[in-house]
Amino acid sequence: MIQLKKGLTVLSALALTSSILAGCGTKADNANSNANASSADASAPASESSTSPASDKPVEFSFYFTGSQNVKDMWDTLVPKFEEQNKDVKVKLVYIPSGTGAQPTYDRILAAKQAGKGSGDIDLYEDSLSNVTKGGKDDLWDTLSLDSIPNIGKINPKTMENVSNLAVPYRASAVVLAYNSDKVTTPPSTLDELYEWIRNNPEKFAYNDPTTGGAGSSFVTTSIYKDLPDEAIYSTDPAIQKDWDNGFATLKDLGKYVYGKGIYPKKNQGTLDLLANGEVDMITAWSDMVLEQTAKGQLPATTKMKQITPGFNGGPTYLMVPKLSEKKEAVYQFLDYVMSPEAQGVIVEKMHGFPGIELSNMPQEIQDSFKGVSEGFRSFNIGDLDKEITKRWQSEVAAQ
Amino acid sequence: MSKSMKMGMLGLILVIPSFLLLFVIVVIPIALSFVESLRNEAGGFDLSRYQFLFTDKAMRSNIIFTLKVTVVSCLIVLIVSYSLAVYMRFSSGRLVDLIRKTYMIPIFIPGVIATYGLINLLGNHGWLSRFLLLIGITLPRIIFDEKGIIIANLWFNIPFTAMLLSSALAGIPNSVLESAKDVGAGRLRVFFQIVFPLSYKTFLVAATFVFMGVIGSFTAPFLVGPNAPQMLGVSMEQVFGVFQEREQAAAIAFFTFLLCSVLGYFYIRSMVKDETARS
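Those protein sequences? They're chains C and A, same order as listed. For the first sequence, the residue numbers in my numbering are 1 to 400. For the second sequence, the residue numbers in my numbering are 1001 to 1279.
Hints may contain errors.
Claimed, not checked - Each computed DSBU-like pair below joins lysine-lysine, with the alpha-carbon atoms no more than 35 Å apart:
{"hint": "1", "chain 1": "C", "residue 1": "Lys-387", "chain 2": "C", "residue 2": "Lys-304"}
{"hint": "2", "chain 1": "C", "residue 1": "Lys-266", "chain 2": "A", "residue 2": "Lys-1147"}
{"hint": "3", "chain 1": "C", "residue 1": "Lys-81", "chain 2": "C", "residue 2": "Lys-350"}
{"hint": "4", "chain 1": "A", "residue 1": "Lys-1068", "chain 2": "C", "residue 2": "Lys-387"}
What the hints assert, rightly or not - The following label-pair restraints were derived from C-beta to C-beta distances:
{"hint": "5", "chain 1": "C", "residue 1": "Asn-200", "chain 2": "A", "residue 2": "Gly-1044", "range": "49 to 57 Å"}
{"hint": "6", "chain 1": "C", "residue 1": "Asn-277", "chain 2": "A", "residue 2": "Ile-1107", "range": "22 to 30 Å"}
{"hint": "7", "chain 1": "C", "residue 1": "Lys-267", "chain 2": "A", "residue 2": "Ser-1179", "range": "54 to 62 Å"}
{"hint": "8", "chain 1": "C", "residue 1": "Lys-267", "chain 2": "A", "residue 2": "Pro-1106", "range": "20 to 28 Å"}
{"hint": "9", "chain 1": "C", "residue 1": "Asn-200", "chain 2": "A", "residue 2": "Ile-1109", "range": "38 to 46 Å"}
{"hint": "10", "chain 1": "A", "residue 1": "Gly-1111", "chain 2": "C", "residue 2": "Leu-228", "range": "41 to 49 Å"}
{"hint": "11", "chain 1": "C", "residue 1": "Glu-193", "chain 2": "A", "residue 2": "Arg-1060", "range": "35 to 43 Å"}
{"hint": "12", "chain 1": "C", "residue 1": "Lys-252", "chain 2": "A", "residue 2": "Ile-1107", "range": "38 to 46 Å"}
{"hint": "13", "chain 1": "A", "residue 1": "Thr-1138", "chain 2": "C", "residue 2": "Asp-245", "range": "33 to 41 Å"}
{"hint": "14", "chain 1": "A", "residue 1": "Tyr-1265", "chain 2": "C", "residue 2": "Lys-267", "range": "37 to 45 Å"}
{"hint": "15", "chain 1": "C", "residue 1": "Lys-267", "chain 2": "A", "residue 2": "Gly-1186", "range": "54 to 62 Å"}
As the list claims (entries may be wrong) - To give an idea of the interface, some chain C residues facing chain A are shown, with a C-beta separation under 7 Å as derived from the structure:
{"hint": "16", "residue": "Asn-277"}
{"hint": "17", "residue": "Lys-387"}
{"hint": "18", "residue": "Lys-391"}
{"hint": "19", "residue": "Ala-398"}
Since the hints were made in silico from the structure, they are not lab data. In this text, a Cβ means the ideal position worked out from N, Cα and C, and glycines have one as well.
Generate the whole structure from the sequences, applying the supplied hints.
Rendered as structure tokens:
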């Protein structure tokens, strides 16, 4: 009897463990099913409205986007405003939390095309330059024209040319120097001046571990490509690696002068924290993070930004329309709205990003807040060489 | 069917679910990552990924660093927790009551929050350094250094270890201690010949827990550790997530598993010895 009782206890313990484990399983699945869940959320009101006595059934298209919470907040604000003005179009937002599924979304569009299944129900997709180029080669994106989206005319024509009119750059941010203007009166304006400043002010400059965030990675990449030809930053040819030696030597040498004689905080936020508590006076940082945190008071009001020449890495985030989408008309209508000064104003306010359209189309106070930082950045497009840089940085600069 | 055979069957049935669970969530992943780790860059199978672990200078210093941090953390955690447990078991008074009521608090604070708390407390411009500056002492670098990782490990591990050990010490009957004293044993002798041997097994369990917890830790080493050398957990994440070399990451993971299984072996051996001694 006692044995049996023991057995029962063991059994119930097992049942408990397995149910807990099962719980874990569903949690892990959450990230994947998130997309489905949010699409279900979004489709619910749509189906309601379609059953309502309204005469025309609105066209509903799916918009896949990824990013941090602020990106989601922005679309959650913009879409209702758009739908109010355009009763005939509904936008189904599908949010893929960053780091979980941006690549699969691209793969889905590609797979759907290869299987002859149209665009895989993805009618609008947001991503960075690398996937715009990649999709251009795979012939995935629709060519956008001024006739269908008049507001494209407000975008810098060169930017559109860069992506062969395959994508709309709807917002941008760049890596800049952020500094405490109380301590630094004349910020450096070139990379050489920056190096000099770092050497003259030991332990007062920090850039974050390039394996953990774009701000540090941009400083490293910019340094490595400093003496290379201008077009090198668009090359994905591995042969260029032998020209990196000079840059790495500089970075290695700078290690003695940066914060903590060679401490590179983790994540973009790591260096911002150091700037906030005054341990350093100058860092590299994403412009949108600096603007947002200065506005919220997390960074002191004396924080200022400056872009150097030639500039750090930066660039737009793009919206692409899959070529095989069946709801292009509705998507064009939405894109036209997104590129209107009104919607761009919301993007600037919510994301602290640079507007996608030219600044001259924006209100004066927005133009002022971006003075000196919204231009001059460069868009690096070096593909997988990025990985090689971080790898070499880790073994040569971090572990020197 | 005889009764003993019935009991045997029941035993087997009871064991199967846990065995299956173990098989699916432990054995298969380990086997898979072992196979993965044998794959070399050309796609064939050899030990080159392991060779890299020991020949690459940075990787070798990562391993040495991890072992150093782990051993130091284990020693300090065990010494502090054991002293705390002994103190709570054999002393009384308001201070002991207070300790008894509060020592578990760190368990209920999420790791990331605790780590950021430590950064704010011990950082170069943290509270502690500001206080120390008033009396003219400059705090050495703790955050972004191995000291930071060790302190974080103490914070995470001491409460649970102390809890384990004090429950073991509570199991020692007072009568045994009193009779030893009656026959003239001194305090040290009571401790080394009665208290420690009777709690030795739990001590081993605690050591195993701390060792495995520390060697595989990620949050604290990632946030407060130096950029290089790294703890193996941080390095694994970097190799897997940033460099995207799955096979190399698998090799690091399997190596970490081997390190843990060495300790596991001693633990199991002492358990088995104990079982055979009992029957």
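For each hint, the structure was consulted:
Taking the CA atoms of Lys-387 (chain C) and Lys-304 (chain C), the gap is about 31 Å. The hint holds against a cut of 35 Å. At roughly 17 Å between alpha-carbon atoms, Lys-266 (chain C) and Lys-1147 (chain A) fall within 35 Å of each other, so this suggested pair holds. Distance hint between Lys-81 (chain C) and Lys-350 (chain C) is fulfilled; the C-alpha atoms sit about 14 Å from each other, no more than 35 Å. With a C-alpha separation of about 29 Å, the suggested pair Lys-1068 (chain A) and Lys-387 (chain C) falls inside the 35 Å cut-off, and the hint holds.
Against the hinted window of 49 to 57 Å, the Cβ-Cβ separation of Asn-200 (chain C) and Gly-1044 (chain A) comes to about 53 Å, which satisfies the hint. A C-beta distance of roughly 29 Å is found between Asn-277 (chain C) and Ile-1107 (chain A), which places it inside the suggested range of 22 to 30 Å. About 60 Å separates the C-beta atoms of Lys-267 (chain C) and Ser-1179 (chain A), a value consistent with the hinted range of 54 to 62 Å. In this structure the hint that Lys-267 (chain C) and Pro-1106 (chain A) lie 20 to 28 Å apart at CB holds, the actual value being about 24 Å.
One distance hint, 38 to 46 Å for the beta-carbon pair Asn-200 (chain C) and Ile-1109 (chain A), holds here, with the actual separation near 42 Å. The hinted window of 41 to 49 Å between Gly-1111 (chain A) and Leu-228 (chain C) holds, with their beta carbons roughly 43 Å apart. Separated by about 39 Å at the C-beta atoms, Glu-193 (chain C) and Arg-1060 (chain A) satisfy the suggested range of 35 to 43 Å. A C-beta distance of roughly 43 Å is found between Lys-252 (chain C) and Ile-1107 (chain A), which places it inside the suggested range of 38 to 46 Å.
Remark: the range hint 33 to 41 Å for Thr-1138 (chain A) to Asp-245 (chain C) is upheld by a beta-carbon distance near 38 Å. A C-beta distance of roughly 38 Å is found between Tyr-1265 (chain A) and Lys-267 (chain C), which places it inside the suggested range of 37 to 45 Å. For Lys-267 (chain C) and Gly-1186 (chain A), the hinted distance range of 54 to 62 Å is satisfied, since their beta carbons lie about 56 Å from each other. Interface restraint check: Asn-277 (chain C) against chain A, minimum CB-CB distance 5 Å, threshold 7 Å, status holds.
The beta carbon of Lys-387 (chain C) is positioned within 7 Å of a beta carbon in chain A (closest approach about 6 Å), and the interface hint is therefore held. A least Cβ separation of about 5 Å between Lys-391 (chain C) and chain A falls short of the 7 Å threshold, and the interface hint therefore holds. The interface hint given for Ala-398 (chain C) is met, as the beta carbon of that residue sits about 4 Å from the closest beta carbon of chain A, less than 7 Å.
Checked against the numbered hints above, the structure violates none of them.
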